[in-house]
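Peer 1: Listed below are the residues making up each chain.
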Amino acid sequence: MWWYLLKRLGLSVVIVLLAVAALFLMLHSIPGDPASIALGPRATPKIIAEYTAKMHLDQPLAYQFVIFVGNVLQGDLGSDVFSNRPVAETMAEQLPFTLTLAIAALFWSAMVGIPLGCFSAIRPNSWLDRITGIISVGTIAVPSFLVSIWAILVFSIALRWLPVIGAGDEGDILDQIVHLILPAFAVGLGWVGYLARMVRASMLEVMGENYIRSARAFGLRSRTIVYRYALKVAILPTITLIGVGFGGLLSGTVFAEIIFSRPGVGKIIYDMALARNFPVVQGAVLVTIALYVVVTLIADLVVSWLDPRVRDSL
Amino acid sequence: MTALLDIRGLNVDFRTPRGRVHALRDVSFKVPRGKIVGVVGESGSGKSTVIWTVTRLLAGNGVVEGGEVLFDGEDVLKYSEPRLMGFRGEQVSIVFQDPMTSQSPVLSYGQQMTDILYRRDMSMSEKRRRAVEMMRRVGIPDPESRIVQYPHQFSGGMRQRAGIAMALLMDPMLLIADEPTTALDVTMEAQIIHLIRELQSEFEATIMLVSHNLGLIAELCDEVVVMYAGEVVENGDVRDIFYRAAHPYTQALLECDPARESARSRILPVIPGDIPDLHLRPAGCVFAPRCPSAMAACGERQPASHAVGDGHAARCHLLDPALAGAAAQPAPAAHGSRPAPAAAEALAAKPEAWSGPLLEVTDLRVRFRVMGALNAMVKGVRDPFVDAVLGVSLTLDAGETLGLVGESGSGKTTLGRAVLGLVEAQSGKAVFEGTDLLALRPGSFKPLRRDMAMMFQDPVGSLSPRQTVKALITEPFEIHGMAGRNLDDEAARLCEMVRLPQNFLSRYPHELSGGQARRVGVARALALNPKLVIADEPTAGLDVSVQGEILNLMAELQRTRGLGYLIISHNLPVVRHISDKLAIMYLGRLVERGDCEAIFRRPAHPYTEALVRGIPQPDPEKRRTLLSIEGEVPSLGNRPAGCEFHTRCKYATARCKTERPGETVLADGRIVTCHHPLGT
Amino acid sequence: MTPGPVPERAYSVGREKLYMFLRNPMGMFGLALVVMFFASAIFAPFFATHDPFAMDIPNRLGGPSAQHWAGTDQLGRDTYTRVLYGGRVALEVAAIGVSVSLVVGLVLGMLAGYGPAWLDNLLLLVFDAIRSFPTIILGLASVALLGPSLKLVLAIVIITSIPSYGRLARTSTLALKRTEFILAAQSMGASTTRTLARHIMPNVIGPLLILAAMDVPVVVTIEAGLSFLGLGVQPPTASWGTILGEGRLIIRETPWMVVAGGIPLVLTTLGFTFLGEALRDVFDPKLRKGH
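Residue numbers (the numbering used here), protein chains in the order written: chain B, 1 to 314; chain L, 1 to 680; chain X, 1 to 291.
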């Protein structure tokens, strides 16, 4: 078990490193002076010279990479080209907004999607199953940014029920929650269908297994069979899927943050990418990748904790 | 007293995309209290459908079209859903065929067993105590600590014991056993049979035992119901069925069973033809198309059930006094050996003559890595390998058949694959006509592959699913650059050789029955006229009546072509019929090898003895009373010291526990790895 | 339990599957939408009512009318026509993106599954590293460096799609590698190339094609999303994303652009998803098992 955890952690670090290296190579494989590219057209020669020295851009690539990784490990993600503010500080400030949005979206979609999938698998081809099928495909079919726009159109502009801009006043929980509703709805909607379909498919598969038939042959209550014998197995691939799909969820939060002008990592990346403030983009991308890797790690651990077969094979 | 279970005129259909399959037609039989009733039949006979109908667990597309299932006088088919819940588990319980897939993988045995006891008004600790007690009763050692374990942590035999414990937990009135030993090895099968018999006398249980295994039925049952293609063709006392079978199908089935014949014969009896298509209702007797004694009436009218003796009845026109006169002289059961096509004989002549042994394996060793190098280092495992095959030596001459026998995990399949270079051997030699195959590079091995072929276990699964039969059987020509030959002619020739109709050439594997797919496998293996054929479980997945056809075909081709066969199997009766020599494998080593008949008559190694005695005989008079082998096969990673069999050997001495036995050559030339060979 | 063999070729599995597909109303609906998508994109000039770039400032921000079926944008261009032409961009990205990533993913996946363990581990690591970039964030980062263009969108689509095809091909190949028919081919002396091409690929490609059908909406959405953010197709070229992006800025003046730009996106996504689901239900026996 510990060995597995260690291996899995090591692998996660390697993946993050690979991703960082890819980012790094991208920056340096472009013809031209990396400093001018990173800083964009507005940078003055002085800033460029300072940046070159600070980022060791005059040194060999491998050396720069080691320095960068070393800095990252010490919690130093570099600093903002214009304000000179440490990127790590900006991230610490923005990450909670993104996390809140992602978790809220995931939570509501799981609360709706998993039971929907479960019920429709218990009675396949019933009216509930058919409606669920249409709802799931329907929700998957509308991209989250389109949901955001249309939600604004309906709930903010036409009905004037909910606010459009920002994350709410600091300290005012209720206001923050009101500001969270539309973005979380937009980000989570596709996931309702996604989860419902996934749970339905794996429940159907499990309900056809021999051990479900034996549980019925032993006269167990159907409630026990569905929740204790079937769902416990069927939920496992769904958990893995949530981990893997978290990247997609983050893409959704980027759109939501931009469209709803909400603070967050995605908004920072977008604004800074347009401003060509590359150190901030680099740091923010690093943070999202790390976030993704941590979430998949947690998903894997939860699966291995729930499934004795996996637990023993570790 | 009425019978506990009384099935009357049961008809069950399955809706399929191709129309209705009439899976059960007018099935009637009784299960009296306190008796074991065996339901025997080949695949497609409807014996499983009976189980699922009785328990009302038919698949969604199954429809009961008529009949009654009276349990203790009440019709189960009329039970309401709540009544059914009380019926299942409480009054009737099932022991399943494959314990691995029929027990929840994510719940411990303790959880699964206390779940079953939910209806009992007991405290949790009482339920647990009862579960532990039942596990002890079925022979699971140390049940207190094993009850918290999960199915995957149990061995196959122990899992089936746990399955029996679960079924008995609620003291059911009727116990249904669905092929309870099919997933198990011979020695485990013997133990489970023993256990069921013990439990039956202790609980005075009523048992319905469903199986295709005639030996198992003869060993355990009081009464037998024979099913064929969805109908009960004969039923009666076990002795009536096995000694005085009245229905031609029962007679043929008994004759086909390789375990039955005590004398060895090269040609096995077969039942020609296939099970009828159950989409159509047969006009007359279902067995008529395959029946050697069929008369005109058989194809026209369905036979009624005729009493033959006390409680013994069969559905056959031959027993109808009104038709008795018209009965043709029953032909002796068909021996499906037609003369081989002349074409095959002409091709058999091979110019070169090799005088030495065809295949000579010396000291072969195959190791498998069980964990990664880094992982092993972290865990401090010094040797992250297990030996699947260890120090194996054997020889095979041209025209000879060597049977390699062992239980699952004995390394027999690995040995066969290592010879052909499909798995890498650690050390040793495999010399084929003077060339050591293991020392060859892939490039120089390839031309030699024309002279050797392998047949794999799964008849359908060993055929590439998206290729036609023609592409499959002509692939060897393409691989070996002989595409210049007329492949149409070759395909036609091969089809004729294995007696497969020419129109099968355009079919795909999933459109073939097991027997037909196996024929395609034989045709492919023999396409290039090899000298050596390694056949891994050539009869696996085939019904008894089809087994014979394949074995006869293989024997015939061997006769005409002088092939050397290495037959790998766990099925001793089958191996006995076709082998000249035998090699017995245990934990990757050969424990005994030599002449096949000699080994069967007087096994010298205690393990061989256990295997030979472990075969259930299809003869109710030959029931065994004593268990010949206890315990389970140790894991490869944990080989016992000394003689590796000593942990299960009833003759083991102190010496066996410490000293590994060498090879002893017996008077008849047999080689035994044992300190105390039997009968010497 | 299979009752006996088929006496003659009374029915064929292929035909049965075709009937199953034809009887699936959602699948047929999906097919209709997909055909509509292809037709409208390919024959856009034929269906168009205006020049997609012709400006008509006096008539800007108009609602639907007899002349402008879906209204006009901030420059008075006909939204209906621009949506039709936007479909061409979507089709181009989908066709190139899906086919390239399908082929590359298939080859890499088969190599990973069939080849030595180190290659498998290496490819898996690369796939995982790519997957850890949320698509839009990868897009944002590379646009920050390279500037927006359609080629970049295509590159992002291909790079981020390869791992899903690769993983699926790898899993199927790994499972096939241990089957007896592959061992049989090896025992006959078949070369690796032959084994891969004749025995593995035909059995791997099916699920990948179904995945491709389900992947089209994803690809179209990525293109629309990036263009929406101004990181993809550049004005004045019309894409569903740019129409939505421009529409969003004037959403308080006219709602028609975000509606007109969104509907074809939703219909296309719906069509391919329904089609893919129907294909999977018909061809993946695993999901058919449930009673």
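In case anyone wonders, no lab produced these hints; they're calculated from the structure. Ideal Cβ placement from N, Cα and C applies to all residues, glycine included. Possibly wrong hints are sitting among the right ones.
Which residues of chain X face chain B? A partial, calculated answer using Cβ under 8 Å [unchecked claim]:
no., residue
1, 35
2, 135
3, 137
4, 140
5, 151
6, 255
7, 277
Peer 1: Which hints from the list above does the structure break, by number from lowest to highest?
Peer 2: Per hint list: 1 and 5 violated.
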